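Asker: Model the full assembly from the supplied sequences, consistent with the hints where possible.
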Amino acid sequence: MTTTDAPAADHRTPPPVGPGFLGGAPVRMPVFIASLAGVLLMATWALVSPTSAESGLGTVTGWVTEWFGWFYVLLATAVLVFVIGLGLSRYGHVRLGPDHSRPEFSTFAWASMLFAAGIGTDVMFFSVVEPATQYMAPPAGAAAPESVEAAREATVWTLFHYGISGWGMYALMGLALGYFCYRRNLPLAVRSALAPVLGKRIDGPLGHAVDTAAVLGTIFGVATSLGIGVVFLNVGLNVLFGVGVGTGAQVALAVLAVVMAAISATTGVDKGIRFLSQLNVILALGLAAWVLVTGKTSMLLNATVANVGDFLRTFPAKTMETFPFVDNVEWMGYWTLFFWAWWVAWASFVGLFLARISRGRTIRQFVAGTLIIPFLYIVMWISIFGNAAIDRIRGGDTAFAETAQDFTGIGFYELLSGYPAGQAAIGLAFFVGLLFYVTSADSGALVMANLTSRLGSITEDGAPWLRITWAAATGLLTIAMLLVGGIVALQYATIIFGLPFAVVLVLVMVGLLRALRVEGRRVDSRDHTMHALISARSASPKEDRAATWKGRLARATNFVDREDALEHLRDVVAPALAEVAEELCRHDVVTTCAVDLEGETPTVTLSTPQEDPVFVYRVAIEMSPVPTYGGRMIQSRDTYARLEVHLADGGQGYDIMGYGHAQVIHDCLDHYERHLEFLRLAESKRS
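Under the working numbering, the first residue of the sequence shown carries the number 59, and numbering increases by one thereafter.
Please note: incorrect hints may appear among the correct ones.
What the hints assert, rightly or not - Here are the computed lysine to aspartate or glutamate pairs in the DMTMM-like style, where the Cα-Cα straight-line distance is at most 25 Å:
| hint | residue 1 | residue 2 |
| --- | --- | --- |
| 1 | K354 | D455 |
| 2 | K743 | D670 |
| 3 | K354 | E204 |
| 4 | K376 | E388 |
In case anyone wonders, no lab produced these hints; they're calculated from the structure. A quick note: this is a predicted structure, and the numbers were derived from the prediction, not measured.
Answerer: Right, dumping it as structure tokens:
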């Protein structure tokens, strides 16, 4: 990702500790060793004593469900309310980046990537399994099995479990990672989101523990998706080619994921995999359109509209439903608690992706996009396939009713077989599922490598050997869990290992809110000192031509070239800021004035490195198109040079070319007085 921004260095960020061995970014060894050890211990236990592992996972899951089920339910609701509240609040205008940053991707391209983020093999799997199961065996105390009400509720339960509650968790992590990395110049790590809570301790054991929890949650979440993909694809191979359903084929598919991730890491075919992922979106939409057009189109469209209405009507009750007066512990473990834990486990994974594509977006834009756009795909896919499956069951196909509830995903293939060109549709579904499976494995290995590395920038990735290590570890864990108890064992493990990171999500909300309150105080300080800013500019002596209205008009219409701007930066701005720095030092404020006139972007920067936060006043030469009036340029050239002012938060959007010595000083002091007011407000809040 390229950028023209020049954000101020963050003096709290620790320096790199040297390159990671075998190349790539430096490795956070405590996080890498602790998380890998946890994965290997779990996999070894499952492989050596699968019966004991299955029993142990079941016991712990029962304990977590009984004692922390309410916590998962409350967390999902609280996170959703939190992110929507941020989007609607005064902080909604804050950008994920400096104030002058703008989105790298167009709105359409950004929306397309968000749309693709909602797709995966597991959505294909559960789009038939859950609606069919909720229709045939709804939770106790809800609709009667196989009733009209159950038919309406079945698809809505699936939309609820795949809906905006989970995307709220993704949005939270994407906001936190994007804000602290792009706007506060902290490392791209989960621990950075806890900087307002933990302070400098984020670089010690507490920070390592947070990142380890993120890695463990992520790898079990990815392993669950891959486990579902392995079983789903194995069944597809059986339907298409008669390949037996069992351990051998499933191990081979897990190895395929590891091999593809290794090839991607070592040969640089990431762009090819990215292209396949984008192609897959088109193929998946085509598959859904085929079922819609060749099936009962009118019924499916009516059912989709009804599903959306029922979802909106029942969401407030569902989001806080814990079934306290009926025994639904097993149902909660299979469905709501599993999904919430799964969303928690994937939060770092998808949050990192969302942050990477959303630089320059405001919080309000980010929240609206991430909650609405992927959910539109979920509504489309689940309403089409879920209602088609329920309609077939209600038509009297009892054999399909049993098949659709099977946790192998065979019901999805069986549903497609009832449509025209059914075998071709099944082949397309298998291909789509395979591509989702491979790209999930590759991107999962990349994200875990990044989570265990000390990345220097948002565009840097973990070393290839680290990606291969995590791909292999994920494959091993997937195989081990499948041998223990299949998809159910993966569900149990997700509920257990998602719990520590669920606690981290609470701290992330606290840290992000504290940081945004600082943003609010910064705005308040600007308002408090606006009168001083205006009066200082008008107080320049009359003999300073630049301070008169004629001088102001001259500046507004004089579009200088780079050489003139460089001369003004050297002869006027640099001496003025050096004088300010010298005077501040006399008042016991440690201040530096750095002059760089040789680089591609000449700058003069005044900063107070010992203050927290650091005050920065930087003047940089930037080229801009010459304004046109009536289709013609004021001057003959296309561009002119501006002396743009940048603060710690980014560019301020105005030009001081032509300011006199005194005016530059006053402009700098205007901002410094605002900075002091901000420090005063912050101190009064603490006291």
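Asker: Which hint numbers doesn't this structure obey?
Answerer: none
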